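Protein chains in written order, with this note's numbering: chain S, 24 to 329; chain Z, 39 to 645; chain Y, 616 to 1093; chain R, 4 to 186.
Derived by calculation from the structure, the hints in this document are not laboratory data.
Any given hint could turn out to be false.
[As the list claims (entries may be wrong)] Below, simulated BS3-like cross-link-like pairs (lysine-lysine); rule was C-alpha separation at most 27 angstroms, straight line:
# : chain 1 : residue 1 : chain 2 : residue 2
1 : Y       : 957       : Z       : 128
2 : Y       : 797       : Y       : 887
3 : Y       : 957       : Z       : 624
4 : Z       : 129       : Y       : 750
5 : Z       : 128       : Z       : 397
6 : Y       : 1024      : Y       : 1044
7 : Y       : 750       : Z       : 128
These numbers were taken from a predicted model, which means no experiment stands behind them.
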Amino acid sequence: MTVMNFVYGFIILLAAFIFQTTITGFNRKVTARIQKRYGPRWYQQFLDIFKALRKSSITHGWIFDFGVIMALGGIMATVIFIPVAGFEAFPNMDNVYIISYLLAIGMLGMAMSAAGSGNPWASIGVSRALTNMLAYDIPLMIVIFTLIFAFDTASVSEIAAMQQGMGILGWNAIRMPLGGIVAFIALFGMLGKKPFDSFIAPAEIASGPMVEYGGKHLGFMFILHELMTFIEVSLILNLFFGGGSSILVYAIKYAILYTLVNIISQVMPRYKIDQAVKFFYRVPLVFAIIQGLVVIFLGWGVSVWF
Amino acid sequence: MTFITVLITLLALSVVTYLVSLINNKLGAYFTIVTSLVTLLLLFLLKNSIGQLASISLFTFKLTTVGWYFSMVMVVVYFTSAFLNPFWMKKMIYPAAYNLFYLVSLIGTIGMFFARDFITLFIFWETVVWTSTFIIQMGKSRKSSYVYYVVSAIGSMVTLFAMMLVYQVSGTLEISVAFNALTGQPVLALIVFFTFLLAGLSKIGIFPFHVWLPMAHGSAPHTFSPVLSGGLVKMGAFIAYISVSAFAAYEAFSSSFTIMGIPAPIYIIMVLGAISIVVGTVMAIRQDDAKKLLAYSSVANGGYILIGILLFDQLAFAGGMLHLVSHAIASATAFITIAIVAHRTGTTKMSKLGGMIHKMPITYTVYLIAIISMAGIPPMGGFVSKWLILQGLADHGLLFIAAAAFFGSIGSFMYVFRPLSAVFLGQLAPKHENVKEASIMMQIPMYLLTIATLLIGVFPKIILKVIAGIQAEAGIQEIVMVGNTIVVANGVLDTFRVFVVFGYGFLIALVIFILRRKSRRVTLMDTYTSAEFVHTPELLHYSSNFYAPFERLTKKPYPVLNLYEKVSIKIKEIGHMAESLFSSPKPAVTIFWIIIVFAIFFLGGVL
Amino acid sequence: MNNPVLLIIIPLLLAFVSVIIKKAGKWILLLGVLINTVLAFFITTGETIIGGFLPPAGINLVVTQFTLVGVILINSLMLLTIIMSIDLVGKYSVILLTALAGINGMLLTGDLFNLFIFMEITVIAAYILSAQAKKYHHTITYLIIGSVGSTFYLLGIILLYHLTGSLNMADVAAKLPLLTTKELLVPILLIFIGIGVEVKLLPVSGWVKGVYAHANRLIAPLFASIIAGTALFVFGKLFVSVLPLSDTLTMLILVMSVMTFVFGEFAAFKQKQVKEILLFSSIGQAGLITALFISGLVYAAVILIISNVVSKLIMFTIAGAFTEKYQTDNYHSLSGVFVHNKITGIAFTIAALSMTGIPLLIGFYAKLNILIGFFHAGNYVLPVIVLLMTIVEGAYIIKLLLALWAPGKEGQVSLESFAVEKKQLLSVKNTAICLIVALVLIVGGTLIDTTSKIVTNGQPLLGDESPYFIISQSKGGE
Amino acid sequence: MVLENQDNRNLWEKIGDYFSANSIWMKWYCTGCGAIELPPTMTSRFDMERLGMGPMATPRQADVMLITGYLSTKTLRRVIYSYEQMQDPKYIVAFGSCTINGGVYYDSYATINQLDKYIPVDLYIAGCMPRPEAVMNAFADLISMIKKGQANGWRHYQENYEWYKKNQLDSLEEVIIHDEFHE
């Protein structure tokens, strides 16, 4: 653990933020085009974030501030652990469980801060978000579990590296097709994209956890959202779509994956939260278990696909 | 120093405590703190004499690393919870007896962990059961005490059967030797395995036996709930440990049908563990009483511990043993904080609380750290143990059990957040305007336990070293630590680094936050209400039906407690039948029965 | 060495004296019981011939280790009962002395017909005592059933006399194996039912509830521990050492015993009155004890009798006090009664716990021996039943204890203010005795080597060779 | 209301105003008929997102509040409440003649006639109702005002708080009992 690690970490952080925010801006345009609109400028997302940081803000007590800082801190730490195209700020720290559980501290911080505002909408939003998490995470974790069993490692970068060199056929999403579908669907849940966005439903519960944020808190939430998106898409990309052999390939794949998710989600309606749970436990969970059984008992898709 | 000296010292001290309590119960309560501290120190000194044999009267003991480990956990929990005792003396109907039983149950657990023969094990086990039964009744409910005893009795009586069966077969009561006689007798081994383990299952609250936990934890005196959940439940894990180490379940069932390399009988128990994870999680999410919620979480975590210990390998076993400690500490902390809230506000119902953070920030922080550990989020103790268990499960490829583990793990975010949000965050009700922070005396255990949680989370080596010792003692592969890094076959974990990087991230966020304009403080009621004027804080506090959509999904009737009740009703019915048939006040009826008996016997004898 | 016949003669003699000196009745009773108890400790094993005729023709008293345990136990308990409830003795001193003579006779006699006579003495005394509660209906019931039982027993020994030409137990025991099973069936059956009525085996124990449930502090322990204990000892003596049972009969009696055990415990589980719980529990325990005797586990049975009668003595005394002071023994109406009577409560609790077989109490030792004995005999079904019933037993005992100790509604912390009105249950003397007796249960259960030495004196009881638990076993190969 | 013309902002404020001008989040107060003009303004015909504008759920998050028509005294109280929950800098755009002089409700006992007596209005859009073209035009004006630092209603409100408060009280009268039914 040297100073350079921390510098690299900061670079990853910065790069991830700029990259993802750009992609988000781009996707806002994509969304607009789907809706036959012209759409905002590509850098609109930056403007929004900086505008929010610029405004004055209120606080509902120390937990309201502390939660936000803890959330962003946790998410930033997670971003630092994400391996990007084989590049890791802290080597050997890309254990998939560390990433997925460290992510939770960010969410916990956000939930805490939101509930600390004393607004019932926020609590409802948090309760929905957590329920949503319970829905999408089980199938996803089962598939990840299958990967760990199959490759005998829990390191994200190692799993990513193992898929490379065989072209598209090497991707886990292709080798384990059901698992790939599950991961792809779970990504919608993780990102809070439609149809699984009932926890921020603006017209219904006034954007849920975000209801009381204004000014810098809201800016923090936007940064947090960008970084979290980066973590989640990267995780799925690394685990199921082969990561990237170089930064460029990684970025392109990333953009395609995220845009694909965005495009699909734009034509979706919204599930109620219990419908989302039912959906995840009906289809993806079954897929995940079948995939797990196939891998564990038959060994298909582990060493070779064809 | 021999173990017997320790035991007698403690017994003497507890009698002294009792006598002091008779005169002044508050002073006696302070004596419980002192005595448990003495116990802690004495036990710590005993670490050097591991391997010592001791016996007195009926009892024989052997000092083992695993026993030491378990009893240290227990004493830590007892010691820290004891700090609350002085504050509850006024609310107890029998304060002196409470103090005595508190210490006797502690001695009971220690004696049980060091037991060398079955009789010692059983006697100390029952001592703990009875003392805790009598303590629980001093709480809110007699029924819970009753259920607790009955479920415990089912476990202990069945286990006594196993013990005597083994004694009959082997001719010895010594735990480490007796089970050897079962080799080559698979059917007998199967019976002994299931029956012996039953006490453990009932104590740790595994699925069909979990009914007592929410009842007992929920209604026990607030000072004893931490002990129940953090301590006594873990006795069951010890039985599970015996069943895989001394009983050597893996060798005994080596010829039986295996699932992913796990013999079927062990797998069945592990499935029960998995079911309790799911049931515990689902039920915990549905609770309104904070203590019941934590009790159900103990059910779920008991499942993790059981699965970990039963896997009995390098990885998951270490995880199970570590989870024992991290959950014991986290759960004791959580119960202590809830106890303090209850002490200050008089209720543990989450829907009646709220906004406590503005009155008790320290309690809140302590609770927060405890639940982070309980939910298995880094950098706290619970993460390391859950990580080890999950990695172990992945190593074995136990898919369904892992699925339950994931469910429990994600579900725990839901249930630990509920009290956080409903009790501590949200709107502060006007009636709680004058609530005060916990007193210094109550803060001491919270600080101690929080430091312990953090330490385990950041430097798990402290505990894992001991666990490696246990693994060596049990003859399995030891967990490997390189520096601060845990190195296992399918992953590495450096918790210190995780902690540092988290700190780094936090620092960056903090700097950005401080650089921006300072926020204006507004009141809690100044919040977005769709422009509606609301003046009743309680109305703006979202705490009941917190996970309403999820509760809708899981509202199917819950059959297990009904099962016990049904059995109880059936017994009463049969009893009633017997009474009305045979205890008639009319002599003619008895004469009739005499004739019937005569006739049956005569026919039976002639034929 | 003294003559065991004194144990029978002295109470009888004093009974006559107390008829004459009515006013000093209770003191004479006390004196008689005291002398008897002291004497009981000094008799030794052996045979005493009465009247000069040698057995089998003459009458004899046989003292074996088994009898000795019984005599000491029953006389001591009688002494304690009388001391505790001397205020209630009143005009019953004659009856009690007669009953004592009868009881000792039942325990000591070596003659089947004498046994009948002593049994009749005891039982008639018991009829009179049961009338104390003024529930004559129940007394009549008891009278009728008891008489039927006695008649059956008498018929049985008449048949035996017809078959063997003897009434001396040893002689009969020697001759019976020569007879065929079918010849023996009817007499054994009659004797079994006759004794069964007193032992309280289930279908033939209809009288128990009525008599026990209304008995007071003196009469209840007298029935539950003294007469019941005696009956069990007699049952053991007859069915282990005298009457040979065919396999079928063993099976049938075993089934009946186990049925008594199970139904008794179940019925106790259902009850709400303290005395009814205890009396059904007594019935259940009697079933278990007879089952043990029939299975040949005499040592375990004796330990269980000791545990049971001692516990029941304490518990029935206190239960009697409940009715005496609070006019009810429904435990819901007695909620928190021990808050005001802690020491009485402790004694009651220890007795109750011993009954359920909690470690370090003698009940646990009994249970341990039962399990070891059954396992040794290759019987795996009965231990299961015993343990299951222990759970049931534990359940109703804990329910009882919780109600008596912890007042207050469900969902509320139990407080002293919820308890029933404060009354002193037992006098200081009685409390002390109860506590001391309870401590005996602890000592007996802890120093089990001493217990086993005292009970067996180094010889197997009634030829029972099955193993029993002593401390050195637990130490294994140390 | 006086619009200050002189520009005495420092560099940071100018940069900040640039961000504010290009990212305007709205909160609409839709009691009047003008709300119906907003959906076409937002959707593909006019697409206000081009200007970086978008709807937001709560006043805490929003930069501009759109008062889309007449206000009864009852709703005015809520508008003020919402406005005070907004974070600085914040702007108000008032729609239609009702907010300027009462419009068709000029003699109604239940509505207020002139909105800027109660809260500072940065921009009025005349018309009954203003069409989306007018709305878009107004937004463009608002943006240029913010850029120039001329949209200072929120500062004016702070500085003249007593005056506003007095007007509000005169019109609404003080609420004595604070509970859910009296305000």
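The hints, checked one at a time:
1. The hinted pair formed by residue 957 of chain Y and residue 128 of chain Z meets the criterion: a straight-line CA distance of about 18 angstroms does not exceed 27 angstroms.
2. Restraint check for residue 797 of chain Y and residue 887 of chain Y: not satisfied, since their Cα atoms lie roughly 45 angstroms apart, outside the 27 angstroms limit.
3. Among the hinted pairs, residue 957 of chain Y with residue 624 of chain Z is inconsistent with the structure: their alpha-carbon atoms are about 40 angstroms apart, more than 27 angstroms.
4. Taking the CA atoms of residue 129 of chain Z and residue 750 of chain Y, the gap is about 45 angstroms. The hint is violated against a cut of 27 angstroms.
5. Between the alpha carbons of residue 128 of chain Z and residue 397 of chain Z the distance comes to roughly 24 angstroms, so the proposed pair stays at or under 27 angstroms and holds.
6. With a C-alpha separation of about 33 angstroms, the suggested pairing of residue 1024 of chain Y with residue 1044 of chain Y is violated against the 27 angstroms cut-off.
7. Among the hinted pairs, residue 750 of chain Y with residue 128 of chain Z is inconsistent with the structure: their alpha-carbon atoms are about 47 angstroms apart, more than 27 angstroms.
In terms of the numbered hints stated before, the structure departs from hints 2, 3, 4, 6 and 7, listed from lowest to highest.
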